[in-house]
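Participant: Here is how the chains run, residue by residue.
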Amino acid sequence: KAGVTQTPRYLIKTRGQQVTLSCSPISGHRSVSWYQQTPGQGLQFLFEYFSETQRNKGNFPGRFSGRQFSNSRSEMNVSTLELGDSALYLCASSLAGASTDTQYFGPGTRLTVL
Amino acid sequence: GNSVTQMEGPVTLSEEAFLTINCTYTATGYPSLFWYVQYPGEGLQLLLKATKADDKGSNKGFEATYRKETTSFHLEKGSVQVSDSAVYFCALSGRSGSARQLTFGSGTQLTVLP
Numbered sequence: 008k009a010g011v012t013q014t015p016r017y018l019i020k021t022r023g024q025q026v027t028l029s030c031s032p033i034s035g036h037r038s039v040s041w042y043q044q045t046p047g048q049g050l051q052f053l054f055e056y057f058s059e060t061q062r063n064k065g066n067f068p069g070r071f072s073g074r075q076f077s078n079s080r081s082e083m084n085v086s087t088l089e090l091g092d093s094a095l096y097l098c099a100s101s102l103a104g105a106s107t108d109t110q111y112f113g114p115g116t117r118l119t120v121l
Numbered sequence: 008g009n010s011v012t013q014m015e016g017p018v019t020l021s022e023e024a025f026l027t028i029n030c031t032y033t034a035t036g037y038p039s040l041f042w043y044v045q046y047p048g049e050g051l052q053l054l055l056k057a058t059k060a061d062d063k064g065s066n067k068g069f070e071a072t073y074r075k076e077t078t079s080f081h082l083e084k085g086s087v088q089v090s091d092s093a094v095y096f097c098a099l100s101g102r103s104g105s106a107r108q109l110t111f112g113s114g115t116q117l118t119v120l121p
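From first to last, the protein sequence lines are chains A and B.
For what it's worth, the numbering used here labels the leading residue of the first sequence as 8, then goes sequentially.
For what it's worth, the numbering used here labels the leading residue of the second sequence as 8, then goes sequentially.
Bound conformation, chain A alone:
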């Protein structure tokens, strides 16, 4: 079974631009979560989607948004990029997002904001 895929793997943007990242979950998984990883803040939860609905949201500004499609694929968008948004963005999928479910991670998208 194919793993979680994320595109693109690398992105370079400038301040003020916006960016869209894509995530394809493992086949059959309906829950998709997004995390931001930085050296200073570590791994932080952004949001979780299940059946096209956002179920949980972390403590990030409204510039960070996402959506999920009927095939469970998910996108996240960051508008008005800031230097501090430079990070590795990780997507994870699980069967139903239950606390006992294993979340399987993709390789991440490395975003650099100049």
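Careful: at least some of the hints might be erroneous.
Each computed DSS-like pair below joins lysine-lysine, with the alpha-carbon atoms no more than 27 Å apart [unchecked claim]:
#1 B:K59 / A:K64
#2 B:K59 / B:K84
#3 B:K75 / B:K63
#4 B:K67 / A:K8
#5 B:K59 / B:K75
#6 B:K67 / B:K84
With the Cβ distance kept under 10 Å, some of the chain B side facing chain A (calculated, not the full set) [said to hold, decoys possible]:
#7 T12
#8 M14
#9 P17
#10 S21
#11 Y32
#12 T35
#13 Y37
#14 S39
#15 E49
#16 G50
#17 L53
#18 F69
#19 H81
#20 K84
#21 A93
#22 R107
One side of the interface only, derived from the structure: several residues of chain B facing chain A at Cβ under 10 Å [unchecked claim]:
#23 G48
#24 K56
#25 K59
#26 S65
#27 A98
#28 G101
#29 Q108
#30 L109
#31 F111
#32 G112
These aren't lab readings, by the way, just hints derived from the structure by calculation.
Please read all numbers here as calculations on a predicted model, not as lab measurements.
Glycine included, C-beta positions come from ideal geometry on N, C-alpha and C.
Fit chain B to the given chain A structure using the hints.
Facilitator: For chain B alone, kept in the frame of chain A given last:
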């Protein structure tokens, strides 16, 4: 809210040495506990998990036991190899609602020398 405290790194060991990485948590109720590993340039891979008290997770020679009385989930391996060099993350997932996302520790960098 939920939190995970993980042993600070970096940790440097010789091949075949014994490994312990301490992890303690704070959570309401009965969270699920996980250890993930991250190799350079990659996403996170599940190493092992435990979903209830006294459960022992194990994989590839690594073990961790869910200790509710000490709120701990320490990672151990009897004989490390050079290929175990990576960053290790302890994480928990709460039982319901907004607690259901993964909360991560800060990560422990392990280097194993031949």
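Participant: Checking against the hints above, which ones are violated?
Facilitator: When the structure is compared with the hints, numbers 7, 8, 9, 10, 11, 12, 18, 19, 20, 21, 26 turn out to be violated.
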